[in-house]
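Visitor: Chain A is fixed; fit chain B onto it per the hints.
Protein chains in written order, with the working numbering: chain A, 1 to 380; chain B, 1 to 164.
Please note: incorrect hints may appear among the correct ones.
Stated by the list, open to error - Cross-link-like lysine-lysine pairs, in silico, DSSO-like; alpha carbons within 30 Å at most: (1) B:K138 with B:K149; (2) A:K298 with A:K264; (3) A:K174 with B:K39; (4) B:K39 with A:K182; (5) A:K182 with A:K171; (6) B:K59 with B:K73; (7) A:K182 with B:K31; (8) B:K151 with B:K138; (9) A:K174 with B:K31; (10) B:K117 with A:K175; (11) B:K27 with A:K175; (12) B:K27 with A:K171; (13) B:K110 with B:K125; (14) A:K281 with A:K268; (15) B:K35 with A:K171; (16) A:K175 with B:K39; (17) B:K39 with B:K27; (18) B:K76 with B:K62; (19) B:K35 with A:K182; (20) A:K95 with A:K125.
Since the hints were made in silico from the structure, they are not lab data. Bear in mind that the values here come from a model prediction, so they are computed numbers and not experimental data.
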Amino acid sequence: MIFRRMLSKTQGLFIAFPLVILSILFVAPSPVLAAGERQAHSEEAAHSSGRGKESFNAGTMIIDHVVDAHEWHILSTRTRHVSIPLPVILVDEGKVHAFMSSRFHHGHASYKGYKLETEGKNKGKIVRVIGDSMEADPNAPLPLDLSVTKNVLALFISCILICIIFISVAKAYKKREGHSPKGLQSLLEPVILFVRDMARSSIGEHHYERFLPYLLTLFFFIFLNNLIGLVPFFPGGANLTGNIAVTMVMALITFIITTFIGNKNYWKHIYNTPGVPWWLKVPLPLMPLVELMGVFTKPFILMIRLFANITAGHIIMLGFISLIFIFGNMNIFLGYSVSIVSILFAVFMGLLELLVAFIQAYVFTLLSSLYFGMAMEEHH
Amino acid sequence: MELITPGIGLIFWMTISFLLLLYVLGKYAWKPIMKALRKREDHIEDALQAAEKTRQEMKELKSEHLRLLAEAKDEKDKMLRDAKAIKESIIEKARTEANTEYNRIIESAKESIHFEKMAAITDLKNQLAQLSIEIAEKVLTEELSRTEKQKQLINKLIDEVEIN
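So here's chain A without its partners, still in its complex pose (with noise of 0.2 Å):
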């Protein structure tokens, strides 16, 4: 009975789309742009106090824990760092070197004749260096690095946490065969059958259910890993959704799709737009340039969209978290009532970002759907 409603709201949404995608596209990079700002600024405060015994730079710590790494760090303390060691998986000219990245020692040593470079443009990334110094070597090329990274690892554990929950699911429909929901299986099955109603309006009552295994795979694979991203502990912790290779890889699945099942129709309306005034086409052909441009924006939209949303979540915790440390090196008093406020804030957004994690799920499978629909839509 409420995804019956929701469906309408649904409906209602197709009004407002334009507007939502407006809204999202100028509102998601800002907060980018405002936690830049604040990285500057924290830059600036730990260089003009300087009275910390090792300077905190916000901007660092931040990018540090948004972006991918060789080793999942758990904690660092004045002497040690306590990270879980991953596996590098390095192809160099031909050959495959695989090995632990704590032979690394957080970048205080190279193995091999490579080390992970800690500074300047390649900075995480794994380079060779000259004989068996700390050295880069600045005209050897970069190995391809296929390592089990703290992002590849987390994806693992979320590929198999989702096989679980929904093989398990999927044993308790074969078993109550029938019979109302149980347990989990109550819990998810109305995000099942709200998954496939938005399927359904979108892409239509024919061709819906093809596209079901792909759309809910989606949803639940994004939903899950937003949530599990907002965990600050592992096996949480990772940025994988807020990771634009992951959001790409994702987007480019639903743009290949599109492409493969785009039907006359599609094209037709791409390359020769219907009820557009014929000077638009010939001799400049800006109608179907401006199309055909839409045609690939389309998924980069979806990329940049979910990767900038989890990112910038993800940003301002860690600033409102850094802020404690930016007044607690200025005064340690500071330091503890800034932490208030700071710890309020964070809580505030992490509350925002629950909602935040089903919304960005629910619009990069309602855009695929949508697209799908339009690319199978039949001429009326």
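Guide: For chain B alone, coordinates are given in the frame of chain A:
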């Protein structure tokens, strides 16, 4: 810059993992789940239709039931009416019979009274005659004991005869 540069390794692992996840979930999760959901929805749809059908039937049954009830009531009324009529006719008959009997008894009583009366009258007459004779005898005996008187009587009687 690192933030917006997709890493080759992650793209590689993501593609493999996601496609594998898609395959595994598609085969072992979504397929049975969707099948079960569709089955249950069909089942619910069927159940609702059956309920609607049953409701319709119940409605018909109820009207049938009401009709039967009305019929039964009519029947009962008719029976009651008949019973009443029978009762009245029986009472009427009994009354008539009782009347007849009464009249007959009265009649016979009257008759026997009359008879008895007549018998009594006859008896009385007889006894009166007897008594008269005895009285007459005694008177005569008394009267005729004296000769003079006898003579007188005889004479008188003779006179009477002579006149006649």
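Visitor: Holds or violated: are the alpha carbons of K151 (chain B) and K138 (chain B) at most 30 Å from each other?
Guide: holds (18 Å)
Visitor: Are the Cα positions of K39 (chain B) and K182 (chain A) separated by 30 Å at most?
Guide: holds (17 Å)
Visitor: Is K298 (chain A) within 30 Å of K264 (chain A), Cα to Cα?
Guide: holds (19 Å)
Visitor: Does K73 (chain B) sit within 30 Å of K59 (chain B), going by the straight-line distance between their CA atoms?
Guide: holds (21 Å)
Visitor: Given the hint that K138 (chain B) pairs with K149 (chain B), test it: the Cα-Cα distance must not exceed 30 Å.
Guide: holds (15 Å)
Visitor: Starting from K95 (chain A), check that the Cα of K125 (chain A) is at most 30 Å away, please.
Guide: holds (18 Å)
Visitor: Are the Cα positions of K281 (chain A) and K268 (chain A) separated by 30 Å at most?
Guide: holds (13 Å)
Visitor: Is the hinted pair K35 (chain B) and K182 (chain A) satisfied, with a Cα-Cα distance of at most 30 Å?
Guide: holds (17 Å)
Visitor: Please work out if K182 (chain A) and K171 (chain A) have their alpha carbons no farther apart than 30 Å.
Guide: Roughly 12 Å between the alpha carbons, so the hint for K182 (chain A) and K171 (chain A) holds.
Visitor: Holds or violated: K117 (chain B) with K175 (chain A), Cα cutoff 30 Å?
Guide: violated (115 Å)
Visitor: Are the Cα positions of K27 (chain B) and K171 (chain A) separated by 30 Å at most?
Guide: Given that 30 Å is the threshold and the Cα spacing comes to 12 Å, the pair holds.
Visitor: Decide if the proposed pair is consistent with the structure: K175 (chain A) and K39 (chain B), CA atoms, cutoff 30 Å inclusive.
Guide: Between K175 (chain A) and K39 (chain B) the Cα gap is close to 13 Å, so the pair holds against 30 Å.
Consistency note: the structure conflicts with earlier hint 10 alone.
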